[in-house]
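> The residues making up each chain are set out below.
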Amino acid sequence: MNVTRGFTGRPRVHNPGLPPGQYDAGDDWPVLSAEVTPDLAPADWSFRVDGLVERPHTWDWDAAHTLPASAYDGDIHCVTGWSKFGVRFGGVSLDAFLSVARPHVSATHVVAYSHSGYTTNLPLADVTDGRAWIVWEYGGKPLPSEHGGPARLIVPHLYFWKSAKWIAGLTLLDHDEPGFWERNGYHERGNPWEEQRYSGD
Amino acid sequence: MPGRIAVSNRTAAEWQTATLTEIRRETPQAATFRLAVPQWAGHLPGQHLMLRLTAPDGYTAQRHYSIASAPDDSGNIELTLDHVPDGEVSGWFHTTARPGDTVEVRGPLSGFFAWPGDRPALLIGAGSGVVPLMSMVRHHRLRGLTVPLRLLVSARGPEELIYAAELGAETTPVFTRRAPQGVPVGRLAAAHVAPLLADQPAHGWEAYVCGSNAFAEHASRLLVAAGQPVERIRIERFG
Ligand SMILES: Cc1cc2nc3c(=O)[nH]c(=O)nc-3n(C[C@H](O)[C@H](O)[C@H](O)COP(=O)(O)OP(=O)(O)OC[C@H]3O[C@@H](n4cnc5c(N)ncnc54)[C@H](O)[C@@H]3O)c2cc1C
Chain D
1 MNVTRGFTGR
11 PRVHNPGLPP
21 GQYDAGDDWP
31 VLSAEVTPDL
41 APADWSFRVD
51 GLVERPHTWD
61 WDAAHTLPAS
71 AYDGDIHCVT
81 GWSKFGVRFG
91 GVSLDAFLSV
101 ARPHVSATHV
111 VAYSHSGYTT
121 NLPLADVTDG
131 RAWIVWEYGG
141 KPLPSEHGGP
151 ARLIVPHLYF
161 WKSAKWIAGL
171 TLLDHDEPGF
181 WERNGYHERG
191 NPWEEQRYSG
201 D
Chain Z
1 MPGRIAVSNR
11 TAAEWQTATL
21 TEIRRETPQA
31 ATFRLAVPQW
41 AGHLPGQHLM
51 LRLTAPDGYT
61 AQRHYSIASA
71 PDDSGNIELT
81 LDHVPDGEVS
91 GWFHTTARPG
101 DTVEVRGPLS
111 GFFAWPGDRP
121 ALLIGAGSGV
131 VPLMSMVRHH
141 RLRGLTVPLR
151 LLVSARGPEE
161 LIYAAELGAE
171 TTPVFTRRAP
181 QGVPVGRLAA
191 AHVAPLLADQ
201 PAHGWEAYVC
211 GSNAFAEHAS
221 RLLVAAGQPV
231 ERIRIERFG
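These protein sequence lines map, in sequence, to chains D and Z. Take the working numbering: the final residue in the first sequence is number 201, and no numbers are missing along the way. Take the working numbering: the final residue in the second sequence is number 239, and no numbers are missing along the way.
To be clear, the hints were calculated from the coordinates, so they are not data collected in a lab. All C-beta atoms, glycine included, are put in the ideal place defined by N, C-alpha and C. Fair warning: there could be bad hints in the mix.
Quick look at which bits of chain Z chain D covers, simulated, 3 or more residues with Cβ under 8 Å [what the hints assert, rightly or not]:
(1) 55-67
(2) 83-96
(3) 164-171
(4) 232-239
Here are some chain D residues the structure puts well away from chain Z; computed CB gaps all over 10 Å [said to hold, decoys possible]:
(5) 3
(6) 19
(7) 74
One side only, chain Z facing chain D, incomplete, derived with CB under 7 Å [unchecked claim]:
(8) 13
(9) 101
(10) 103
(11) 104
(12) 213
(13) 224
Working from the sequences, and respecting the hints, build out all of it.
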């Protein structure tokens, strides 16, 4: 251990909900995108599932809202160090979209892409069985554009860069294909409990 | 969104011991900390690192800091930190740190905001957001690059302008609260951005925006409104 002379840190209480190396951001919700916040109206938003699926399909705003509503209540963790507890996102489970598109058995990974050109890769198993959502509400209100509104992906058990803002679609693949931050040195999977921050962690 | 610059992922995974060798005051709130990192693999202007402090009970605090110095092969790097009120890490640096102390760093990280010096660059920063941009300006000077480079930097007043003595003809300061006699006071506006976009180099600018989230939103919207293509705007948000 490399102790820093004279450093004691903030007084702290052990919080079992906090993954290693994270702090509780409280009411703050930092914005960490590297791009210009797009002006994307709900009427211009769409979401497509294609690649290794039986029926590639595109939903517009109204069609996506006819799917059964589903909410995420829980915590989120950003690779830059903050975690946010007890957040509520409203939208639709990704399972509802996938059950329409019907993934091939050969599909193992997805690339999520945004209306702005951002991409991130995920194992298919990380976005199925109630582990991922397309959401348009935060705390009961429309999701603000700087946080990915009108709609974003939410994969709360992984670091938040996987939860692509301004989500435009998912392409299902039979192999892994690194996305934007993954090509820029970030970890392939990003599990906060294992501190998978950067490639090599 | 803009493309990327390949970075080595190998060194970023390892924590290295960095020894503080020099502290230089920049403004009442900001100081530059020079670190000897013998195994430093080098960086591109605009990249940042992760810094870690460890308490005797094993508690650690990690923060990101942009690299202020231009790349060179001296094994030294410089960081410039704002003293954040009650800040855990910046507080330690500003009140306790002295030459000879060691901290840990890993990096460099993220090639996204990096500028290798290849294309004309329009840099816009506020407060400590000028830090990665200064690495670019210093790189430009050190290498004698001729590719066009402009810096627009916003500060509350002249005494809070980091690197003031080093800024040259490439820089236009914007003062939001207090300004020297004859210089207008006000925040960064379309009128500051318009002349730079009217006078662009042949294939246009690569724009780099750095500062708080509020500043980044404001500045990037001004750029888009002035005609800068969104895919040629890179943003680093300090939070
Ligand atoms: C890519 C990047 C580059 C950066 N480069 C620079 C730079 O060059 N120069 C610079 O001065 N800054 C830079 N920053 C900001 C820097 O990382 C720190 O956020 C800043 O120094 C404040 O850290 P601190 O420990 O002093 O303050 P903190 O203790 O982190 O307090 C600052 C804020 O953090 C939150 N916070 C609350 N509780 C805690 C807690 N327990 N632990 C941690 N945070 C808490 C609060 O919002 C608080 O107001 C950069 C940030 C990023 C993302």
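> Evaluate each hint against the coordinates.
The hints, checked one at a time:
1. Residues of the segment 55-67 of chain Z lying with their CB closer than 8 Å to a CB of chain D number 9, which satisfies the three-residue condition for coverage.
2. For the segment 83-96 of chain Z, the assignment as covered by chain D holds, since 3 residues bring a beta-carbon within under 8 Å of that chain's beta-carbons and 3 suffice.
3. Coverage of a stretch by a chain is defined here by at least three residues with a beta carbon nearer than 8 Å to that chain's beta carbons; for the segment 164-171 of chain Z and chain D the count is 0, and the condition is violated.
4. Chain D is given as covering the segment 232-239 of chain Z, and this holds because 6 residues of the stretch bring a CB closer than 8 Å to a CB of that chain, at least three being needed.
5. Listed as a non-interface residue, residue 3 (chain D) fails to keep its Cβ farther than 10 Å from every Cβ of chain Z; the least gap is roughly 5 Å.
6. No Cβ of chain Z approaches the Cβ of residue 19 (chain D) within 10 Å, the least distance being about 13 Å, so the stated non-interface status holds.
7. With a minimum CB-CB distance of about 23 Å to chain Z, residue 74 (chain D) clears the 10 Å threshold, and the non-interface call stands.
8. The closest approach between the C-beta of residue 13 (chain Z) and any C-beta of chain D is roughly 3 Å, which is under the 7 Å cut-off, so the hint is satisfied.
9. Using the Cβ-Cβ criterion of 7 Å, the hint placing residue 101 (chain Z) at the interface with chain D is satisfied: the shortest such distance is roughly 5 Å.
10. A cut of 7 Å between beta carbons decides the hint on residue 103 (chain Z): the least distance to chain D is about 6 Å, and the hint holds.
11. For residue 104 (chain Z), the suggested interface contact is upheld, since its CB lies about 6 Å from the closest CB of chain D, less than 7 Å.
12. Because the smallest distance between the Cβ of residue 213 (chain Z) and any Cβ of chain D comes to about 4 Å, under 7 Å, the interface hint for this residue holds.
13. With a least beta-carbon distance of about 6 Å to chain D, the hint placing residue 224 (chain Z) at the interface is held under the 7 Å criterion.
Of the numbered hints given earlier, the model fails hints 3, 5; all others are met.
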